[in-house]
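A.B. asks: Chain by chain, the residues run as shown.
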Amino acid sequence: MGRAISVPINGDVLAWAMAQAGVDDIELAERCKTSPDVIADWREGDQKPTKTQFNRAVARLRRPRAIYFLAEPPEDDPVIRAFRSPPGQEGARQLTDTELRALRTAERLQKIARWIREQRGDQAIAIPQITEATNINDSLRDTHAFLKWQVQDQFDASSASEAARRLRHQLETAGVLVLQFAMKDTGCRGFSLHDDLAPVVAVNSAYTVEARIFSYLHEFAHLARGADSICARLPDSGVERKCERFAAAFLMPRKPFESYVDQSFGPLSQISSIGQVSRVARRFKVSLRATALRLEQIDRAVAGLYDRVDAEADFKGGPGFSRDNSAAAVRLREWGAGYAELLLDAQHRHLLAHTDILEYTNLSSTQLSELRSRVEVGAGAEG
Amino acid sequence: VIDGSAIVSVSIEFKDPIKANPVYIGMTDLLNRGDLCFCDQVVEELERTVRAEPPLMWASGCATGRPHKGAQYPAIEYVAQDFTAIIDGTVRDTQEPAALYVVAQALELQNGGHQITVVSEDRLVKPTRASLLEGCEHFSIRCIPLLPFLSETGIP
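Same order as they appear, the protein sequences are chains A and B.
Its first residue numbered 738, the first sequence is counted upward by one per residue in my numbering.
Its first residue numbered 39, the second sequence is counted upward by one per residue in my numbering.
Bear in mind the hints are in silico, worked out from the structure with no lab data behind them.
Remember, predicted model here, so these are calculated numbers, not experimental data.
Errors might be hidden in some of the hints.
To be verified - With a straight-line cut-off of 20 Å between C-alpha atoms, the simulated SDA-like cross-links for lysine to any residue are:
1) A/Lys848 with B/Asn149
2) A/Lys848 with A/Pro745
3) A/Lys788 with B/Lys53
4) B/Lys107 with A/Ser1106
5) B/Lys53 with A/Lys770
6) A/Lys785 with B/Gln119
7) A/Lys788 with B/Asp78
8) A/Lys788 with A/Val775
9) A/Lys848 with B/Thr122
10) A/Lys992 with A/Ser1102
11) B/Lys107 with A/Asn792
12) B/Lys53 with A/Lys848
13) B/Lys57 with B/Lys107
14) A/Lys788 with B/Val163
15) A/Lys770 with A/Pro811
16) A/Lys788 with B/Gln133
17) A/Lys848 with B/Leu162
18) A/Lys848 with B/Val163
19) A/Lys788 with B/Gly99
20) B/Lys53 with A/Arg978
21) A/Lys785 with B/Tyr111
22) A/Lys788 with B/Lys57
23) A/Lys788 with B/Leu162
24) A/Lys848 with B/Gly127
25) A/Lys788 with B/Gly72
26) B/Lys53 with A/Asp859
27) B/Lys107 with A/Ser1102
28) B/Lys53 with A/Val775
29) B/Lys53 with A/Glu1107
30) A/Lys785 with B/Tyr116
31) A/Lys848 with B/Asp131
Stated by the list, open to error - Computed list of chain A residues with no C-beta within reach of chain B, every gap over 12 Å:
32) Ala808
33) Glu812
34) Ala882
35) Phe892
36) Ala919
37) Tyr997
38) Phe1002
39) Gln1013
40) Gln1034
Beta carbons are placed, not taken as given, at the ideal position from N, Cα and C, and that holds for glycine.
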């Protein structure tokens, strides 16, 4: 039997990739079918992996093979570093594997989108800013104008999915990249990546479409505050609670909201049952929890109503998105029509070639043709 | 040394199979004579970008007859360290571009005394990595697009 070929990887880069992925010697050893001591030797440069072991390590750490041959490790990802130590929280947050993948994908798409907009000479995306000094009513008015969105658009939508699709379209038209990632019910609700040319909001597709509508606005509020964020299921800081209130007030403006509650349950009534919350939620195409939150904010809920709404109600309870699962449909659903339009425009302007577009969409030529057709007919998608 | 973008371009430049087939046959002849090669990573890239379409069918079909199947690790390591910009560090392992490996293959062959031309349509500046053309320029390797290559080699 021939001697196995050793792969001359840089141990420091391996150590870096492991740290970035949150993988320790024991986990990688298990994956590579070796012992933790051997992994330590790889990191220290005292041994090299075989080709098979290298392939297994690459598959677990999800970085391109080429980086392991670099002379020194790449810079730490500042976003991942920041999200491991969110402001207002003590200690490091252990990002899940799906969150890490989603963050890295979002950063890649943001980098590509930003580059295209720079090449086109686009103006910065003028998101109305929210500061501590900003009056919330002014912010709400400016944001409604910026997104060209009124509560009537929610009423007019035939379903929550339709409302989400339209709202996503408005965000994308305004220049925001809107992404969806399957981050499971253990992952964050969403995150945002601030950038003057390619701001990103990303939401967890494990949540119901009503919950995602709320998350779009919650994450948008973070962008308006000029900061990146990663948001847990429940608001866990002052800033989170402010973004929560902003999203609730945007989607359920006080006047039409109170008016509907008065009309449905009587003037000055206090909402006490989940059935009542559900009726209001259906009208505004938002989640039960968002509705309960808003009712409490405007003193129209009995004490503890929000806590009684089951947190699990925000989850879809199944992995399925929809029946339209072609690669092009999935790409549009996950990465958004806004990103696809940018790429197609870059090709049209000869900024990028056909094969570049394949590289940046992870699609084959045939699948790209389908995506192009879908974009041309304005087929956005919500899961 | 031909890359995935050039192989894909055969089906773009010659949409009619009657016109494309002689090109594939001409390239196969070159390959069988030992004058054309591509690395394993190009096949992997085509598996992602063209799936079951003619460019992949051609590359898969003649892969075993290639005179050179890719660079050894020292050449890969050298290119990675001497022209880091060719690496797309933002991409997942399963989507890694073949560019670095194409340059490494060309460089290894060139250093082995062969007269090398890289055939590639990967020529535009990109957001996430240097193009193959930039990589070739860095190492003083000749790099031409598909159509001039076909013209030079007399492939119809």
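A.B. asks: Determine for every hint whether it applies to the structure shown.
C.D. replies: Taking the hints in turn, this is what the structure says about them:
no.: 1; hint: A/Lys848 with B/Asn149; verdict: violated, 36 Å
no.: 2; hint: A/Lys848 with A/Pro745; verdict: violated, 30 Å
no.: 3; hint: A/Lys788 with B/Lys53; verdict: violated, 39 Å
no.: 4; hint: B/Lys107 with A/Ser1106; verdict: violated, 31 Å
no.: 5; hint: B/Lys53 with A/Lys770; verdict: violated, 47 Å
no.: 6; hint: A/Lys785 with B/Gln119; verdict: holds, 18 Å
no.: 7; hint: A/Lys788 with B/Asp78; verdict: holds, 14 Å
no.: 8; hint: A/Lys788 with A/Val775; verdict: holds, 15 Å
no.: 9; hint: A/Lys848 with B/Thr122; verdict: holds, 18 Å
no.: 10; hint: A/Lys992 with A/Ser1102; verdict: violated, 50 Å
no.: 11; hint: B/Lys107 with A/Asn792; verdict: holds, 18 Å
no.: 12; hint: B/Lys53 with A/Lys848; verdict: violated, 33 Å
no.: 13; hint: B/Lys57 with B/Lys107; verdict: violated, 28 Å
no.: 14; hint: A/Lys788 with B/Val163; verdict: violated, 32 Å
no.: 15; hint: A/Lys770 with A/Pro811; verdict: violated, 27 Å
no.: 16; hint: A/Lys788 with B/Gln133; verdict: holds, 19 Å
no.: 17; hint: A/Lys848 with B/Leu162; verdict: holds, 17 Å
no.: 18; hint: A/Lys848 with B/Val163; verdict: holds, 14 Å
no.: 19; hint: A/Lys788 with B/Gly99; verdict: violated, 25 Å
no.: 20; hint: B/Lys53 with A/Arg978; verdict: violated, 57 Å
no.: 21; hint: A/Lys785 with B/Tyr111; verdict: holds, 13 Å
no.: 22; hint: A/Lys788 with B/Lys57; verdict: violated, 41 Å
no.: 23; hint: A/Lys788 with B/Leu162; verdict: violated, 33 Å
no.: 24; hint: A/Lys848 with B/Gly127; verdict: holds, 12 Å
no.: 25; hint: A/Lys788 with B/Gly72; verdict: violated, 27 Å
no.: 26; hint: B/Lys53 with A/Asp859; verdict: violated, 35 Å
no.: 27; hint: B/Lys107 with A/Ser1102; verdict: violated, 25 Å
no.: 28; hint: B/Lys53 with A/Val775; verdict: violated, 52 Å
no.: 29; hint: B/Lys53 with A/Glu1107; verdict: holds, 18 Å
no.: 30; hint: A/Lys785 with B/Tyr116; verdict: holds, 17 Å
no.: 31; hint: A/Lys848 with B/Asp131; verdict: holds, 18 Å
no.: 32; hint: Ala808; verdict: violated, 5 Å
no.: 33; hint: Glu812; verdict: violated, 9 Å
no.: 34; hint: Ala882; verdict: holds, 31 Å
no.: 35; hint: Phe892; verdict: holds, 41 Å
no.: 36; hint: Ala919; verdict: holds, 15 Å
no.: 37; hint: Tyr997; verdict: holds, 46 Å
no.: 38; hint: Phe1002; verdict: holds, 51 Å
no.: 39; hint: Gln1013; verdict: holds, 46 Å
no.: 40; hint: Gln1034; verdict: holds, 40 Å
Comparing the model with each earlier hint shows violations of hints 1, 2, 3, 4, 5, 10, 12, 13, 14, 15, 19, 20, 22, 23, 25, 26, 27, 28, 32 and 33; every other hint is respected.
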